[in-house]
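Enquirer: Take a look at the letters that make up each chain.
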Amino acid sequence: MVTLKYVLIALVLIAIGIGVSLTLFQSEEKRVKKQFYLLSEGVSKEPGENIFTMDQKIKKIGSLFDETCEINIPAHSVSGRLTRDEITGYAARGRLHSSELLLKFYDFDIAFPQQGEAKARLTARLTGKTTTGEAVNEAHEIDCLLKKIEKKWMFSHIEVVEVLKK
Amino acid sequence: MAVNKGIRQFFFPSLTPAFLIRAGCVALLAYLIFGHLLTPFRIKGHSMEPAYQNGGINFCWRVRYLFSAPKRGDVVVIRFTGQRVTLLKRVVALEGEEVEFRDGRLLINGKEWNEPYIHSPYNWSLSPRRVEPNSVYVAGDNRGGPMQNHFFGQTSLTRILGGPLW
Chain A
1 MVTLKYVLIA LVLIAIGIGV SLTLFQSEEK RVKKQFYLLS EGVSKEPGEN
51 IFTMDQKIKK IGSLFDETCE INIPAHSVSG RLTRDEITGY AARGRLHSSE
101 LLLKFYDFDI AFPQQGEAKA RLTARLTGKT TTGEAVNEAH EIDCLLKKIE
151 KKWMFSHIEV VEVLKK
Chain B
1 MAVNKGIRQF FFPSLTPAFL IRAGCVALLA YLIFGHLLTP FRIKGHSMEP
51 AYQNGGINFC WRVRYLFSAP KRGDVVVIRF TGQRVTLLKR VVALEGEEVE
101 FRDGRLLING KEWNEPYIHS PYNWSLSPRR VEPNSVYVAG DNRGGPMQNH
151 FFGQTSLTRI LGGPLW
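Chains as they are written, first to last, in the numbering used here: chain A, 1 to 166; chain B, 1 to 166.
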């Protein structure tokens, strides 16, 4: 009877341990996802956005990246290791050419290959309008590497996966 | 009176074990059919007009290519990371074939290929290229405007989710 009691206690403790570790793992994944949602907020633009909001959003985009980040987006002729200032410069120019933008991320596949590193593969969809009235409608599969720096996940590598090869 | 009771029973059924089992079976069946067999999707964009109009709703028949490979002329659903964002394109060349666009004409292995689904003229020119093994070459039906603005090319067979139901 006593043995059964200890077995039950051990099972409960194991279940709690698994639950806690799963919760912690999920929260780390959620933190990584949060960085994508912040990036989405920074890139997205509503019609008639004022300069103050634009400035805030550009700063927000810059704060999500490591000091330098390897970016490879052939469709937009962006390639190489860029500094935060260069990234915010690209973002600002891209937003200036658009009257409205909406960036959304789907189908996250996040893995943690080693301590302090997160690899994410996902689909990004960008919709909106340019200032000349042309519709923007793009979807890309993206591979990202994020590094944990001072308890914050920062983008360190972003690469567009070629789904259709011309 | 009996009709009223029947209507009431239809909208507010008694939560009997038999009803719960039936409801569970319906939910499971709906999940299996619409989640894995016939996944619904909405068409956003004009790349497959006039066959598939912007805003149209369709279903991806996931088992279409379970036992056979896509044929030239088939319309296929291509996935990115997952299945929430997909592409709808037409297969224009198969593995090992040489594909070329010359002054708005499709050439397969150097021979002009008739495309009855194209309703508006286009002026694409793309040098010949061979389709890699386990891949197909896809393009949209609406080829108006510059070639650079279109999303087409070869993709792996593993990315093909299925075909539209109609």
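By construction, these hints were calculated from the structure, which means they are not laboratory data.
It is possible that some hints are incorrect.
[What the hints assert, rightly or not] Away from chain A, derived, C-beta distances all over 10 Å, residues of chain B: (1) 81; (2) 97; (3) 110; (4) 126.
[To be verified] Derived lysine-lysine pairs resembling DSSO-like cross-links, with alpha carbons at most 30 Å apart: (5) 71(B) - 33(A); (6) 57(A) - 71(B); (7) 5(B) - 165(A); (8) 111(B) - 129(A); (9) 104(A) - 111(B); (10) 166(A) - 71(B); (11) 5(B) - 166(A).
[Stated by the list, open to error] Per label pair, the in silico range of CB-to-CB distance: (12) 136(A) - 17(B): 25 to 35 Å; (13) 122(B) - 28(A): 45 to 55 Å; (14) 53(A) - 17(B): 26 to 36 Å; (15) 51(B) - 134(A): 17 to 27 Å.
Remember, it's a predicted structure, so these values are computed and weren't measured experimentally.
Every residue, glycine too, gets a C-beta built ideally from N, C-alpha and C.
Enquirer: Holds or violated: are the alpha carbons of residue 5(B) and residue 165(A) at most 30 Å from each other?
Expert: Violated - the C-alpha atoms of residue 165(A) and residue 5(B) are around 62 Å apart, more than 30 Å.
Enquirer: The hint says 26 to 36 Å between residue 53(A) and residue 17(B); measuring C-beta to C-beta, is that right?
Expert: At 56 Å between Cβs, range violated.
Enquirer: Please verify whether residue 111(B) and residue 129(A) have alpha carbons no more than 30 Å apart.
Expert: violated (39 Å)
Enquirer: Verify this label for me: residue 97(B) is non-interface relative to chain A, using a Cβ-Cβ cutoff of 10 Å.
Expert: Holds, since 15 Å exceeds 10 Å.
Enquirer: Is the hinted pair residue 104(A) and residue 111(B) satisfied, with a Cα-Cα distance of at most 30 Å?
Expert: violated (42 Å)
Enquirer: Please work out if residue 166(A) and residue 71(B) have their alpha carbons no farther apart than 30 Å.
Expert: holds (19 Å)
Enquirer: When you check the alpha-carbon spacing of residue 71(B) and residue 33(A), does it fall within 30 Å?
Expert: Violated - the C-alpha atoms of residue 33(A) and residue 71(B) are around 39 Å apart, more than 30 Å.
Enquirer: Closest CB-CB distance from residue 81(B) to chain A, is it above 10 Å?
Expert: Label violated. Min Cβ-Cβ 4 Å, cutoff 10 Å.
Enquirer: So the hint says 25 to 35 Å: do the beta-carbon atoms of residue 136(A) and residue 17(B) match that?
Expert: Violated, at about 54 Å.
Enquirer: Confirm or reject the claim that residue 122(B) and residue 28(A) have a C-beta distance inside 45 to 55 Å.
Expert: holds (49 Å)
Enquirer: Assess, step by step, whether the Cα of residue 5(B) is no farther than 30 Å from the Cα of residue 166(A), and give holds or violated.
Expert: violated (64 Å)
Enquirer: Looking only at beta-carbon atoms, does the pair residue 51(B), residue 134(A) fall within the given range of 17 to 27 Å?
Expert: holds (24 Å)
When held up to the earlier numbered hints, the structure conflicts with 1, 4, 5, 6, 7, 8, 9, 11, 12, 14 and fits the remainder.
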